[in-house]
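K.L.:
Chain by chain, the residues run as shown.
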Amino acid sequence: MKTVRSMVLVSNDPLSQARGAQAVYQRLEQEIAARGLTDEISLMTVDDVGRHDTVPMVIVYPEAVIYGPVKPDDVAMLVEEHLYKGRIASGLLAPARELTGRIAWLSARKGTLPAEQRIVLERAGLIDPESIEDYIIHDGYVALGKVLTQMKPTDVIAELEQSGLQGRGGAGFPTGLKWKFVSKAPGDRKYVICNADESEPGTFKDRLVLEGDPHTILEAMTIAAYAVGASEGYIYVRGEYVLAQQRLKKAIEQARALNLLGENIFGSAFSFDIHVHAGAGAYICGEETALIESIEGKRGEPRSRPPYPTTHGLWGKPTLVNNVETLANITAIIRNGAAWFRKFGTPKSPGTKVYTILGNVNVTGLIEVPMGITLREVIAIYGKGMKNGSSLSLAQTGGSSGSIIPASLQDTPMDFESFGKAGVSLGSGALLICDDTTCVVDLAKVLLNFFRNESCGKCTPCRIGTERAYQILANICEGTGTRNDLAQLTMLADSLTALSNCGLGQTAATPIRDMFKHFSGEVDAHIQLKVCPAGVCSMSGRRL
Amino acid sequence: MITEILKGMFITFREIFKPPVTIQYPEVKRPVRQRFRGRHELRRYADGLERCIGCALCAAACPADAIYVEASENTDEQRYSPGERYAKTYEINMLRCIFCGYCEDACPTDAIVLTDAYELSAFSRKDLIYTKDMLIVPPPAGKPGTPQKVEEGAYNRSILPEGLVSEP
Amino acid sequence: MADLINVYINEVLVSVPKGTVIVDAAKKLGVNIPVFCYHPKLKPVGMCRMCLVEVGRRKIDRATGQPLLDANNQPEIAWGLKLETGCTTPIEEGMQVRTQNEVVKKAQKDVLEFLLTSHPLDCPVCDKGGECPLQNLTLQFGPGTTRFDYNDKQHLDKHYPLGDIIFLDKERCIQCARCIRFQDEVADDRVLGFYERGRTMQIDTLSEPGFDSKFSGNTTDICPVGALTTRDFRFRARPWEMTHVPSICTHCAVGCNLTLGTRRSARDRQWEILRVMPRQNEDVNEIWICDKGRFGHHFTRSQARLTTPLVRKNGQLAEATWDEAIKLVAERLNVVYGHVVGFIGDRVSNEDAYLFGKLFREGVKTTRIANRPHVAGADLVQKYGVGSGTNLGALGKGTVVLIVAGDVEETAPVYMLRLRAAAQRGAKLIVANARETKMDRYAANSLRYKVGTETQLVYGLLNAVNQGSGIRDQVAAYTPAKVAEITGVPEAEITAAGKLIAEAKDLIVVFGDEQPYDIMVNGQYTDAGRALPQACANLVVATGHAGKANNGLLSLWPHNNTQGVFDMLAANGAQWTPADGLKALYIVGSDPIGEGQTLPKSEFTIVQELFLTETAKQADVVLPALSFAERDGTFTNAERRVQRYYKAIAPLGQARADWEIIRMVGEQLGLKWTHYLTSEGVMAEIAATVPQYSGTEYAALAQVTEAWPPVGSNDLYFGGTAYDNRGGVGVQIKSGVELDGQSEMNWIEPPVPSAESTLHVRQLNRHGTLIDQSAVYQPRLIDAPIEPAQVLKGA
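Chains as they are written, first to last, in the numbering used here: chain A, 39 to 582; chain B, 1213 to 1380; chain C, 283 to 1077.
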């Protein structure tokens, strides 16, 4: 097993590539080899780190020093100074600025809240994702060993039920109960699917787990398969996540090589294997039945339910579909026990939640915090306050299928129970925080535009209703909306929720309803005064 | 007695000096009422295309079963009416027709209209089956008749915008 | 049926089998839940959302598992929070369904309003207008007005050819996917699919050439709007203008029930068939027909039809009167007493064939009649054919169907649909053929033998079953190992197929004529031609599967009435002996010369035909006959179901029905045949005198039984656009074994193929006298007998 002294990351997003990241990487490779450090230093590339002003960047761990922009000619000095002599090459440091990009999670923020613990992102970013050894050092495959050697499938499910883990895909269905359903469903063949088709706009929490800690997903799926009696697993990865796919495939190969996947795992009678299936860019394929159809090679269209996938899933067999974040909780729960897990979060919604913070805050990025934190806390502690000192006007939770909430709800604890009471969806965990420069009608229009483009077209209300709702909202934004339009919009929202087949159509109405519920004044201004209070809508007087 | 005769003749003499009510038809023709329903005609659009799309709703509405329509498909090479369908055969049996005007009511394109003409006699029954050639009005001055060769895709609706407004 | 479940629909109790969906259960009760995407013959998908209903389920006490009761001792009902799709929700015990309350009505209105926002208002020019589910349901359930702008409608291509015959109007399509699902689930030709998504989603063809399926026309019936139209019927007539007449398809031995849409044209005062639609008969064709049957009707009004009798004068065929022609025919038949031979084609009706046989027996006093084309084994099918009460649509678990030497899709397309569905229900298919056919896709065992060794294979199977008392010694030689060597089929597969047959509760043996042997050589029937039917008969007899419903032989006969014509001739004692030195030859409905064969030499030839065929051109007298649409009669299909067809259009010219011409000849010959006034009279005599045909009087054939799914009348939207069956479902006559209980086995030595023997293959879309008259079907027709790569030769 290889232990390394330092980990060197080179940013490798398209912009970095254009500015010579490839050459920097090659020079690093040469220089490290030239000094005989190959064994001590692990060199790898990372995707977009969220900061484009100083690319290509080189980040050195464990010190988490960021250099940039680095030219190939600088590399020799960098290696000499930092990696060989152990001094920070201060001349190359990236301009000192609070890192605003998606790498914000990297700087440890433990301990700012009671009982904070990284569970989902426990290892992401701290280990070499392409090394199974590194994973094993960090308690990897301990849970699987425990499950296969000491626990019966029913024990696993019981443990999970006690932990109170709820699905992190958005609906918050108790995971233990779902596993129980699948394990009780009759059938000689069962499947486990990991839903990694993360396509909610502004959400990238799953990607981090997949790219930073792929083995935890494999391990969790294997545990799930053991618990429900499945023999085959699929990871449905969003097509754009190329790096995640590569890492998953590599991880699967590594696990197979060590017999952590395949026939008779750990010498037990249990066999399980996993395939990686790349999506093709359809948002609807994040819906579990559409995802199953897609794996079967059909058009990604949701099935009508019942029957549910727990009894009639992939190829008509009982199938367990879990989100990446849900699965990322599993190994920790098994290792540490349900009681440990319940220490975090609220009694009804235990555990942590990973959020993506976006919008008009000073710091954006990913955070993992306990369930029950309030929006005000998130903005203050993790967002480092609103940008330019402006005040919160509205926030959108959970990506496009989530809710639009007004500032008045910023003290509501963010957990499934409290949000459910307030009629708000926690969704995928994206938090779009907006100040008063955001127009709620415009936001709703953008969301409906997304839905009408992503509607699969299978069922009538969604196919036609989303298009129509978008047109009405567009008219309101152009200043040509009428009172009658509002009545139609309300009716459309009701029809969409009542008549649509799947979650997409049903939640497409949420922005409209939230808009009416919390921001009727703003909408009225568009209709009556033909004025957009935020000054965003064009109000051109055009009518579609 | 003579008084009785004079009494009777008085009426006669009085009427002699009134203008006659008899109209010297066919030399003189009485104007018809505004809503008079006479012989049918099939109208055209301003560009010369036929309004009739061969939908046969007139035939369906006809209580006397006097109308017979056979439809066919338009092409842009040979276009008779806007849209896909036109009347290949259009016949009205004037012997059967009861001039109720239901055909006019049923027509979605205002193609068939009952005119003021009422002189409809003929020497044989066969001559009283009016064919499409007899029913259709000539194209507007300077416009071609049908079929026309038209620009591809220009007439893909069965009704032209001017047809959406009912004529007086 | 076991497992009946009680549900309440609008407070009314109905008991239906477990697994029934709400829409079906309601339909059985007479409650109409509107649907667009649901079709009782297709899997439910819940796309259109039209069938949303309010569903309540009993509250169950978790502790006891018993339903909770309310104060009145009635089960407490938990009403669903959301409406559910009636087409995908199966019923549960004690379920309550509301289909007509305000919530449901609002949902129906909303869905229709949505659908109509993108549907064009071109009903006046739409072929479906008048029989359109969307029209009807809008009037019944829809909103009076729309709240959406008129200009919101999309304008799309209205004339998009999916293939040579079917057109798509993209505007009218409501994306219910019935056509796609029919092609996938029923026809198994995956040639249609959706492109794009959301509002821009549209149907397109996936195949090259477009819409490459033998069943494409059915999609136009089940389309709930006028989006799919056929080139044949497009803009020809409004549905209410037509008279719909029940009929039977004449293109193959399945005998699909048809509805002919006819109208009298004002132009030439002629009646014509405007369209052909399937007529529901759940025992024969369900609600499907193939494209050949749908578009192959144009021969009935072809310009090439014979309209007057023709008599050869001075070496030329010249028009003559019926009197003249019949007198001449009778004269020549009478003079040459005994030296006369009759040929009768197997497209004619039972009445025609019966009278023809009787004419020869009583008038000409000879039995020398041959049915054409020559077939082998019709006597065996008469004897051991599938028992009365057989329904291919009811086969399921426990049934084994052995298909030997036949391409079911090419010779009897609708049987392919039915056997495939049977396989999906659990029946096991054993498909044995020298080449790959579509049936191989559904086969439990696919046996690919060397050309010409089909008979050996059947005996190999019989040997594997280890039965066959009468011919035990001969069969014993055909051990699976030896047969494997002869046929090239692996021994294990023969044994496995034999095991299936041995375990079968019901066994149907379907045999075709896709083998290399000639049935007749030099005027003599051959043993080689008869070997396979005899082997199949031996198999059903030896395994005890003869003379029962859903058991026995089923032959893929070449034409629509092969079995009936054989039965009728046999009833008149007709027997074929080679003929020579003939004085007269009487040919009815057959064209041997056109098929590349020679006629026996004869001084005088009479041909009774629809067209001036190659044979008719050689004749001395040509008598014009009527097509099936211009007369009534009966056909016996391959399952030996006698079915009646009706006169749909007026006769062309002076042509007369075949039986009527034969009657005229008979009367001229001095027979007292004046009582044959109608074809009904002839059939009454057949029913009275031919034992197997007892109970086939016209009145019995016209009986209609209630069928599921209901189609026709008011149910245009449920089972697709169709007209209800008012012509009868026919009568399946008993097999010989059922009548006399006697069965025996005979041994014919299996023929051995030579290197020269080439497989005889029949194909649906090959050019032919009748189908060539349909201009619309021309693009589908093929010249080559079979693709060169597939031409197979013997060892």
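To be clear, the hints were calculated from the coordinates, so they are not data collected in a lab. Using N, Cα and C, we set each Cβ at its ideal position, and we do this for glycine too. Errors might be hidden in some of the hints.
[What the hints assert, rightly or not] Label-pair restraints from in silico Cβ distances:
(1) ALA1273/B x TYR477/C: 37 to 45 Å
(2) GLY579/A x ARG472/C: 44 to 52 Å
(3) ASN288/C x HIS176/A: 20 to 28 Å
(4) ALA196/A x LEU286/C: 38 to 46 Å
(5) ALA460/A x TRP361/C: 46 to 54 Å
(6) GLY277/A x LYS300/C: 38 to 46 Å
(7) LEU215/A x ALA353/C: 31 to 39 Å
(8) LYS387/C x GLY579/A: 50 to 58 Å
(9) LYS386/A x TYR477/C: 29 to 37 Å
(10) GLY579/A x PRO1061/C: 48 to 56 Å
K.L.:
Are the hints correct? Go through all of them and say.
P.N.:
For each hint, the structure was consulted:
Between ALA1273/B and TYR477/C the C-beta distance comes to about 40 Å, which sits within the given range of 37 to 45 Å. Separation of GLY579/A from ARG472/C is about 50 Å and conforms to the stated range, judged on CB atoms against 44 to 52 Å. Evaluation of the 20 to 28 Å hint for ASN288/C and HIS176/A yields a failure: the beta carbon distance comes to about 59 Å. Taking 38 to 46 Å as the suggested C-beta distance range, the pair ALA196/A and LEU286/C conforms, at roughly 39 Å.
Checked against the hint of 46 to 54 Å, the C-beta distance between ALA460/A and TRP361/C comes to roughly 26 Å, which is inconsistent with it. About 42 Å separates the C-beta atoms of GLY277/A and LYS300/C, a value consistent with the hinted range of 38 to 46 Å. Checked against the given bound of 31 to 39 Å, the beta carbons of LEU215/A and ALA353/C, roughly 33 Å apart, stay inside it. For the hinted restraint 50 to 58 Å between LYS387/C and GLY579/A, the CB-CB distance of approximately 39 Å leaves it violated.
Taking the beta carbon of each, LYS386/A and TYR477/C are about 46 Å apart, not inside 29 to 37 Å as hinted. At roughly 54 Å, the beta carbons of GLY579/A and PRO1061/C sit within the given window of 48 to 56 Å.
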